Amino acid sequence: MAANPMSQFDVYRIGPEIKVGAFDISFTNASLFMILSTVSILLIFNLGSKKNSILPNKIQLLAELSYTFVSKMISDTAGSKAKPYFAFIFSLFMFVLFCNMFGMIPYTFTVTSHIIVTFVLAAFIFIGVTVIGFIKHGFGYLKLFVPSGVPAVLLPLIVVIEIISYLSRPISLSVRLFANMMAGHTMMKVFGGFVISLGIVGGWLPLSFSVALTGLEILVAFLQAYVFAILTCIYLNDALNLHH
Amino acid sequence: MVKKIYFQSIFFSFFFIKEAFAAESGGMPQLNPEFWVSQIFWLILTFGVMYLVLSKLILPKISNNLESRKSQILENIEAAEKQREDSDAKLKEYDEIISKSKLEANSIFNQAREKALKDIDAKREVLDKQIDNEIAEAEKEIDALRKNAPDKINKIAIETSSELLQKLIGAEVNNSSISAIVDDLSKRNGDKYYGN
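First to last, the sequence lines map onto chains A and B. All residue numbers for the first sequence refer to the numbering used here, where the first residue is 1 and numbers rise by one. All residue numbers for the second sequence refer to the numbering used here, where the first residue is 1 and numbers rise by one.
Worth flagging that the hints you see were computed from the coordinates, not collected in a lab. Any given hint could turn out to be false.
As the list claims (entries may be wrong) - Straight-line alpha carbon distances no greater than 25 Å define the calculated SDA-like cross-link-like pairs of lysine to any residue that follow: (1) B:Lys61 / A:Leu65; (2) B:Lys56 / A:Ile230; (3) B:Lys155 / B:Ser176; (4) B:Lys61 / A:Ile171; (5) B:Lys56 / A:Ile44; (6) A:Lys143 / A:Met188; (7) A:Lys51 / B:Leu185; (8) B:Lys147 / B:Glu104; (9) B:Lys82 / A:Ile44.
As the list claims (entries may be wrong) - Far from chain B by the CB rule (all over 12 Å, computed), these chain A residues: (10) Val39; (11) Glu64; (12) Val70; (13) Lys143; (14) Ala152; (15) Ile158; (16) Ser172; (17) Leu231; (18) Asp238.
Every value quoted in this text rests on a predicted model; they were computed, and no experiment measured them. Ideal Cβ positions, reconstructed from N, Cα and C, are used throughout, including at glycine.
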């Protein structure tokens with residue numbers, strides 16, 4: 001591995017170049033880890049749902065705990081109307097979580113550390129939520145930008161702010177995840193580089209930092225997946241239950 | 001001294017690291033659009049497939065499992081509650097039976113005791129009467145015996161003394177004179193002998 005802390009985010013082709021029209025859809029290391037994440041998710045949850053015993057075994061318990069965790073998160077933040085979107089939010093949470101966690105293994109690639117990946121997810125959520133909002137409430141969904149109980153003088157300003165904050169949702173959602181992942185991995189790489197360059201004499205200090213950072217990054221990996229999913233729930237809640 | 005060298009080496013090595021990084025730095029690979037389309041394509045493909053499999057096959061199974069477990073547990077709890085109620089009712093019944101039978105046993109015992117007491121009283125009366133009769137008879141007999149006793153004794157005394165005299169003197173003595181003496185003696189000493 002090169003000493004450059006950013007080189008871990010390099011995307012490179014694995015196998016031949018595949019082109020569809022003008023678009024390059026070659027299989028890359030990013031694709032590899034997307035497939036690894038999804039396959040391991042499907043494997044774990046398939047194993048966890050195969051047998052239905054009253055006393056669940058470990059893998060079944062894992063699957064059922066994640067199921068109840070996500071379903072509780074959705075019902076707490078978006079209410080019972082969000083039930084049809086459970087499968088999507090569950091997949092989203094698991095996908096982001098597994099991509100983050102795979103990134104914690106040394107020499108792996110972190111899918112979610114790429115702005116394009118997180119932005120596509122966030123944009124899909126944004127568009128989906130907006131469409132759901134308009135389907136449920138028609139043009140009444142625009143009331144979202146007009147909070148009740150605001151003095152008429154302030155209303156134009158508030159509406160502008162609300163629209164800007166609404167439009168910045170996909171950006172904040174995608175940048176939050178991408179920046180967290182990139183910053184954490186870069187920092188770990190930098191401290192790892194210190195360990196090598198300081199050698200056996202001085203390397204112990206950055207090594208201990210590195211160990212502590214690894215624990216922190218695992219926490220961040222979980223937390224960012226959770227935040228991503230819960231923000232999706234909150235946006236969905238806005239679209240389903242118009243409160244303003 | 002060792003400490004100083006240690007920290008100096010750490011300090012100086014920072015310069016080398018900076019140089020090493022500076023030589024290779026080439027911006028963020030994330031902003032290089034070369035593989036954006038590929039990443040979007042594979043993201044949609046993998047996420048789409050995962051979503052479809054999860055939502056159509058796996059998640060319904062998990063929710064089914066959870067539901068069936070929940071209902072089974074509820075059923076078991078209901079059954080347990082029912083059985084507890086049953087056992088409570090049975091316990092009540094049992095208690096009632098016990099208290100009833102206790103009362104019955106008490107009354108039977110009391111009746112039996114009263115009956116036995118009556119029996120005993122009746123028998124005692126009969127026995128008392130019998131005993132009184134017997135005592136009275138015995139007293140009569142004793143009285144009769146006591147009345148006859150001095151005569152008999154006197155008779156014995158007379159006969160004995162006449163025989164004694166005959167053997168001592170060798171001559172017949174008039175029985176009437178002896179009996180007169182004995183009568184006289186017994187009258188004088190009768191109180192001393194019979195205690196009356």
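Hint check:
no., hint, in the structure
1, B:Lys61 / A:Leu65, "holds (14 Å)"
2, B:Lys56 / A:Ile230, "holds (23 Å)"
3, B:Lys155 / B:Ser176, "holds (11 Å)"
4, B:Lys61 / A:Ile171, "violated (35 Å)"
5, B:Lys56 / A:Ile44, "holds (16 Å)"
6, A:Lys143 / A:Met188, "violated (45 Å)"
7, A:Lys51 / B:Leu185, "violated (132 Å)"
8, B:Lys147 / B:Glu104, "violated (63 Å)"
9, B:Lys82 / A:Ile44, "violated (40 Å)"
10, Val39, "violated (9 Å)"
11, Glu64, "violated (6 Å)"
12, Val70, "violated (10 Å)"
13, Lys143, "holds (31 Å)"
14, Ala152, "holds (44 Å)"
15, Ile158, "holds (35 Å)"
16, Ser172, "holds (17 Å)"
17, Leu231, "holds (17 Å)"
18, Asp238, "holds (22 Å)"
In terms of the numbered hints stated before, the structure departs from hints 4, 6, 7, 8, 9, 10, 11 and 12, listed from lowest to highest.
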